[in-house]
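Got chain X; can you put chains Z, L and Y on it based on the hints?
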Amino acid sequence: MKEKKLRNIFTEGPIPAQKIADDVQHHSGKNDIGAHSIFLGQVRADAKDGGTVTAIEYTAYIEMALEKMALIRENLFAKYPLTCMHVHHSLGTVAVGEICLFVFVSAAHRKAAIDACEELVEQIKQELPIWGKEIVSEQLSYWKENK
Amino acid sequence: MKEKKLRNIFTEGPIPAQKIADDVQHHSGKNDIGAHSIFLGQVRADAKDGGTVTAIEYTAYIEMALEKMALIRENLFAKYPLTCMHVHHSLGTVAVGEICLFVFVSAAHRKAAIDACEELVEQIKQELPIWGKEIVSEQLSYWKENK
Amino acid sequence: MGINVLFFGSLTDATAVAALNNVAAGDTAALQELLHQQYPALRTAKYFIAVNQQMIRENTTLKTGDVVALMPPFSGG
Amino acid sequence: MGINVLFFGSLTDATAVAALNNVAAGDTAALQELLHQQYPALRTAKYFIAVNQQMIRENTTLKTGDVVALMPPFSGG
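Residue numbers (numbering that gives the first Met the number 0), protein chains in the order written: chain X, 0 to 146; chain Z, 0 to 146; chain L, 0 to 76; chain Y, 0 to 76.
The following block holds chain X by itself, in its conformation from the complex (with noise of 0.2 Å):
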């Protein structure tokens, strides 16, 4: 074990909508923001073979991804001047037209916020250990493949 405490990131089922307006008036004290580029992820019901996608259940190797977060957090911040970064990823069932993604990323100006915040949302695709089968119906499931 290392010493160092490592955040969460996962929450059980879908991100509520609320949150992230609970976050946003969070960050209000911080007089030295000025711009938060936010990326959500929603569940598609894409069309497969049998049916339309009606949830994904979201697996993961905890650990491993908390552990690769907190790198990818550390390189993020050396590279821009950054004042927050929060990331929400769902575990377990997560139901078409929900959250399953939320990524959080503020700075005194926008560059830094977008930018970092879409190499985040990058790295989180390629670099988490993170699985979602795609739910059709009971019987019918596929396993997601990340573009």
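Be careful, since some hints might not be right.
[Unchecked claim] Here are the in silico distance ranges between beta carbons for each label pair: (1) L:Ala17 x Z:His25: 18 to 26 Å; (2) X:Leu70 x Z:Leu5: 44 to 52 Å; (3) X:Ala46 x Z:Leu70: 28 to 36 Å; (4) Z:Leu5 x X:Glu11: 40 to 48 Å; (5) Y:His35 x X:Ala46: 31 to 39 Å.
What the hints contain is simulated information worked out from the structure, not anything from laboratory work. For glycine and all other residues, C-beta sits at the position ideal for the given N, C-alpha and C.
For chains Z, L and Y alone, kept in the frame of chain X given last:
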């Protein structure tokens, strides 16, 4: 007067954080959306000669801004496969820590949402006839300059 | 003639008014000359001109009812 | 020996279990051979290997208590 109806983008005073949650929630019924990219501008307490900024007062050439916004919108929908695009900009006084700009772009896939949102924010800053006056005190203010 | 003139942003520090109505000017160059005489601080101000909401770069003929906006660099967002 | 093996994502369709405990294998190549015999569908599956949460690309010596994870391409977000 042109025949097309122009969408309003202006809100008197700050944009409530709650609006962001409500708008996200409102899109949960759109089953073809996979990604939301959101940008928020927040008023910063910048240091100035004579004090720090306590608020920004926004004014605009409203009719021209709405015409220009309609063109920007049309061009971005032509360029990217987007589902929705919403822009809200404050008029009047917005205090430090409050939200003055809320840009919300949704698409099936993240790349379109992220790229269009970034381009939209730049165009809003560069092309919309809106002016901010940074208030330091009753006696002291500075006209804002965009970088 | 009857041109309507709008001033925005920092320009209103120079003019102290947001609009002038029924100004007599045949083109934008003549209008600028008139305004610069009335509000000398405008001479050194950086601004763009829109005629009926269209940005112009060259001297443009004006007709009664036209709306001419003088706009400093934008600073929204 | 005592290696702990974890299976993730689509690999659990092949193994029907999420973990194996106390597997005897001296290195990752030997472990893979063992697992491929036990779960033939793994042979054709695309997966990465992490030893104690570190991704490895080459055959790696294992010791008691090591945790080896077999992970198909990630699909979070």
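We went through each hint and held it up to the structure:
no.: 1; hint: L:Ala17 x Z:His25: 18 to 26 Å; result: violated (36 Å)
no.: 2; hint: X:Leu70 x Z:Leu5: 44 to 52 Å; result: holds (47 Å)
no.: 3; hint: X:Ala46 x Z:Leu70: 28 to 36 Å; result: holds (34 Å)
no.: 4; hint: Z:Leu5 x X:Glu11: 40 to 48 Å; result: holds (44 Å)
no.: 5; hint: Y:His35 x X:Ala46: 31 to 39 Å; result: holds (35 Å)
Figure legend: structure checked against the earlier numbered hints; the only hint not met is number 1.
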